[in-house]
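Number of protein chains: 2
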Amino acid sequence: MAATYSTKQWFVKERSGDNVDVEKAFELVAKDLSVDDLKEGQVLAKAILFSNDPTQRTWINKDAVEGRHYRVPLKDGDPMEAYAIVEIIESRNGEYQKGDLVFASAFWAEYFILAPESLIFKIEGDPADTLTLGLTGLTAYFGLLTVGAATSKDSTIVVSVAGGATGSVVCQIAKNVLGVKNVVGITGSDSKCEVLKKTCGCDYALNYRSPSFKQDFEDSTKGGIDLYFDNVGGWISDMVIVKIKEFGRVIVCGAISIYDDMKGGAVSAGISRDTWMQVIFHKIRIEGFIVLQFTDQYAKGLTDLWTWLAEGKIQLIKQVWEAGIEDVPKGMSKLLNGENTGKLITKVIHSQR
Amino acid sequence: MAATYSTKQWFVKERSGDNVDVEKAFELVAKDLSVDDLKEGQVLAKAILFSNDPTQRTWINKDAVEGRHYRVPLKDGDPMEAYAIVEIIESRNGEYQKGDLVFASAFWAEYFILAPESLIFKIEGDPADTLTLGLTGLTAYFGLLTVGAATSKDSTIVVSVAGGATGSVVCQIAKNVLGVKNVVGITGSDSKCEVLKKTCGCDYALNYRSPSFKQDFEDSTKGGIDLYFDNVGGWISDMVIVKIKEFGRVIVCGAISIYDDMKGGAVSAGISRDTWMQVIFHKIRIEGFIVLQFTDQYAKGLTDLWTWLAEGKIQLIKQVWEAGIEDVPKGMSKLLNGENTGKLITKVIHSQR
Ligand SMILES: NC(=O)c1ccc[n+]([C@@H]2O[C@H](COP(=O)([O-])OP(=O)(O)OC[C@H]3O[C@@H](n4cnc5c(N)ncnc54)[C@H](OP(=O)(O)O)[C@@H]3O)[C@@H](O)[C@H]2O)c1
Ligand SMILES: NC(=O)c1ccc[n+]([C@@H]2O[C@H](COP(=O)([O-])OP(=O)(O)OC[C@H]3O[C@@H](n4cnc5c(N)ncnc54)[C@H](OP(=O)(O)O)[C@@H]3O)[C@@H](O)[C@H]2O)c1
Numbered sequence: 001m002a003a004t005y006s007t008k009q010w011f012v013k014e015r016s017g018d019n020v021d022v023e024k025a026f027e028l029v030a031k032d033l034s035v036d037d038l039k040e041g042q043v044l045a046k047a048i049l050f051s052n053d054p055t056q057r058t059w060i061n062k063d064a065v066e067g068r069h070y071r072v073p074l075k076d077g078d079p080m081e082a083y084a085i086v087e088i089i090e091s092r093n094g095e096y097q098k099g100d101l102v103f104a105s106a107f108w109a110e111y112f113i114l115a116p117e118s119l120i121f122k123i124e125g126d127p128a129d130t131l132t133l134g135l136t137g138l139t140a141y142f143g144l145l146t147v148g149a150a151t152s153k154d155s156t157i158v159v160s161v162a163g164g165a166t167g168s169v170v171c172q173i174a175k176n177v178l179g180v181k182n183v184v185g186i187t188g189s190d191s192k193c194e195v196l197k198k199t200c201g202c203d204y205a206l207n208y209r210s211p212s213f214k215q216d217f218e219d220s221t222k223g224g225i226d227l228y229f230d231n232v233g234g235w236i237s238d239m240v241i242v243k244i245k246e247f248g249r250v251i252v253c254g255a256i257s258i259y260d261d262m263k264g265g266a267v268s269a270g271i272s273r274d275t276w277m278q279v280i281f282h283k284i285r286i287e288g289f290i291v292l293q294f295t296d297q298y299a300k301g302l303t304d305l306w307t308w309l310a311e312g313k314i315q316l317i318k319q320v321w322e323a324g325i326e327d328v329p330k331g332m333s334k335l336l337n338g339e340n341t342g343k344l345i346t347k348v349i350h351s352q353r
Numbered sequence: 001m002a003a004t005y006s007t008k009q010w011f012v013k014e015r016s017g018d019n020v021d022v023e024k025a026f027e028l029v030a031k032d033l034s035v036d037d038l039k040e041g042q043v044l045a046k047a048i049l050f051s052n053d054p055t056q057r058t059w060i061n062k063d064a065v066e067g068r069h070y071r072v073p074l075k076d077g078d079p080m081e082a083y084a085i086v087e088i089i090e091s092r093n094g095e096y097q098k099g100d101l102v103f104a105s106a107f108w109a110e111y112f113i114l115a116p117e118s119l120i121f122k123i124e125g126d127p128a129d130t131l132t133l134g135l136t137g138l139t140a141y142f143g144l145l146t147v148g149a150a151t152s153k154d155s156t157i158v159v160s161v162a163g164g165a166t167g168s169v170v171c172q173i174a175k176n177v178l179g180v181k182n183v184v185g186i187t188g189s190d191s192k193c194e195v196l197k198k199t200c201g202c203d204y205a206l207n208y209r210s211p212s213f214k215q216d217f218e219d220s221t222k223g224g225i226d227l228y229f230d231n232v233g234g235w236i237s238d239m240v241i242v243k244i245k246e247f248g249r250v251i252v253c254g255a256i257s258i259y260d261d262m263k264g265g266a267v268s269a270g271i272s273r274d275t276w277m278q279v280i281f282h283k284i285r286i287e288g289f290i291v292l293q294f295t296d297q298y299a300k301g302l303t304d305l306w307t308w309l310a311e312g313k314i315q316l317i318k319q320v321w322e323a324g325i326e327d328v329p330k331g332m333s334k335l336l337n338g339e340n341t342g343k344l345i346t347k348v349i350h351s352q353r
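Sequence lines, in order, name chains R and L.
First residue of the first sequence: 1, per full-length UniProt numbering; consecutive thereafter.
First residue of the second sequence: 1, per full-length UniProt numbering; consecutive thereafter.
FYI, nobody ran anything at the bench for these hints, they're computed from the structure.
Be careful, since some hints might not be right.
Heads up, the list lumps identical chains together, so a pair's fine if it works in one copy or across two of them.
When the alpha-carbon atoms are kept at most 20 Å apart in a straight line, the in silico EDC-like pairs for lysine to aspartate or glutamate are as follows [claimed, not checked]:
| no. | residue 1 | residue 2 |
| --- | --- | --- |
| 1 | Lys75 | Asp274 |
| 2 | Lys75 | Glu246 |
| 3 | Lys181 | Asp21 |
| 4 | Lys13 | Asp100 |
| 5 | Lys62 | Asp274 |
The task is simple: from the sequences and hints, build the whole structure.
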């Protein structure tokens, strides 16, 4: 008799609009998985850690349109996806054995069947560190070093959402690997500012909720800005871009401030006329990227990142919270509410079987 | 007794705000120039042709700030400047003789004294053609070929303000030099659309004032857009950028739709949230430039442009209007009102002395 796994899995019930309780977009469904269902190449796996990524919010956006996204957005009724560290329970794939821990593109469920293309790599180091380096560390790495190449030590770099997963790595690569003189991190709380100054090498850490933010920003960027690593979009980005120097660059990594506030998309992304004029007058280059475009260079990126970690050039700031499958969608709210410092990781607590 | 030249010269009386009669910003002052005033290296010159450039509007913008512009903006009381073809009347500069026609950075006046650094080059070809090629043709050339390099023949290129001075050259280089498959020009009248189709090699010429514009735009860019040469800013640009394909590029040459409508600068430049998300999702590169950054390559650019002109690959669309010195500021209104097709050139009619 083949083994059966009772699992609970989150599906997209109704894609989310702006500024509503995003957790309401999902519904939890109980189902049974049988090992008999495994096809050649597939594995049956168990969720160990979930990566919480702001981009997941964009996958379930009510107005997301295929061809206007970097991936096929999810539809109502689709199973919710997530990057995860999974443990192989049963395998019909020669590359993966029972017990292996694998970085995978998986689902919000306790157990799931994964196709071979969803299995990204077998992990060797610490699972939470692995989840923090890939794809988050890789995003910082490729964004800063490839798209933002040619950054001189004498630069002023501004990083938004600096206290988050990607931002905290960007600041450290900028300071400790590139040796950039003036690294300015912007984030949403004083406690995150502390981490930025003490651990992430920021010369200035600015709390955008502080009444003195505008003045603090002026003080920290007196000579102008060479490079802006943008995770936030909106008014913060407008304020930064308008101060960029001649031939300065903007790396558009994300725009979390608008993911849950698209207002039909027609509303300004926060680029004012003054700022747009600076793009011309100061010959500014603005460039978007998606880490997935560098898939063929992940191995090199990960080698560098693990080396810097071993050398103490970067430290991984991470926040692991434990959740039963029922609570998993709360991770998305936590990101949108700014509750995390560094990488937010969900450790899945499995109910006794 | 030294010769004296009675001249009239336009000064900036009060820099201009948004959407007011821009001609009111200037005042005409009569003065006498004496050849005795000429210092070593200087020339006394006579205005022959004035270049009408939208950027002149930005030099006299009420809120223009030094360090936030590509040049030092003009102040109240400054003489108004203009690129011009001038005739040397008296010279204390060994490189220029009486009678030479020179492309210069000059003033809105009948006669003026020019410093050696204002004399850009001696002209040989037709004066109006020379004014059209430099700096306008050079702007099209460097914008399209340097900043927008790597454009494949299989591309769709969209050009805004295509019926204007720069745009009309961009379209022709794209079609007749680069051999781009689909060149889409956007402009403000049906008559300009005719010129774009008949003379400038546009596969589609769209009138943004037509009720069918949005549909026409969809029809002409079915496969998405590879490159956008942006002269306009605002809602037209937003509409174009949101349709740019993966790894597509935007060359930000100008934003004439906002020069006279800055509303304090805080208003959106027209980049909506939908569009900004495309910058990330589709990894779009947006880059501003100022033709002056290529000064050291003008000679090569002009050689290519004159060659293409001789080969019939480009034709210069120009509109010459005659004006006494009293009427010169009308040229700025003409540009802002869209009255010109191609390069707007003022031929200065001198009063009898
Ligand atoms: N291009 C790519 O390939 C790629 C890959 C990964 C991530 N990203 C992007 O990078 C950004 C950061 O993602 P991450 O994975 O590193 O997660 P993260 O930084 O940990 O994101 C969560 C943080 O975002 C901030 N935030 C949330 N809502 C905000 C708002 N309305 N205004 C300002 N800040 C807000 C909060 O920090 P504060 O307390 O500082 O506000 C929160 O803690 C996101 O925009 C994401 O989409 C892009
Ligand atoms: N970056 C550089 O180095 C550089 C150098 C030269 C020029 N430029 C820029 O290139 C653009 C074109 O300049 P140009 O010298 O070639 O002159 P131009 O195209 O002849 O400019 C005048 C034309 O602009 C259009 N226009 C005016 N107001 C408008 C509005 N509110 N909305 C839409 N279109 C409007 C009109 O054409 P329609 O009938 O089509 O509306 C008008 O005929 C300008 O933005 C200019 O600043 C940049």
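Hint-by-hint comparison with the structure:
no.	hint	in the structure
1	Lys75 to Asp274	between (39 Å within a copy, 19 Å between copies)
2	Lys75 to Glu246	neither (43 Å within a copy, 22 Å between copies)
3	Lys181 to Asp21	neither (42 Å within a copy, 47 Å between copies)
4	Lys13 to Asp100	neither (32 Å within a copy, 77 Å between copies)
5	Lys62 to Asp274	between (32 Å within a copy, 13 Å between copies)
Hint violations for this structure: numbers 2, 3 and 4, all remaining hints satisfied.
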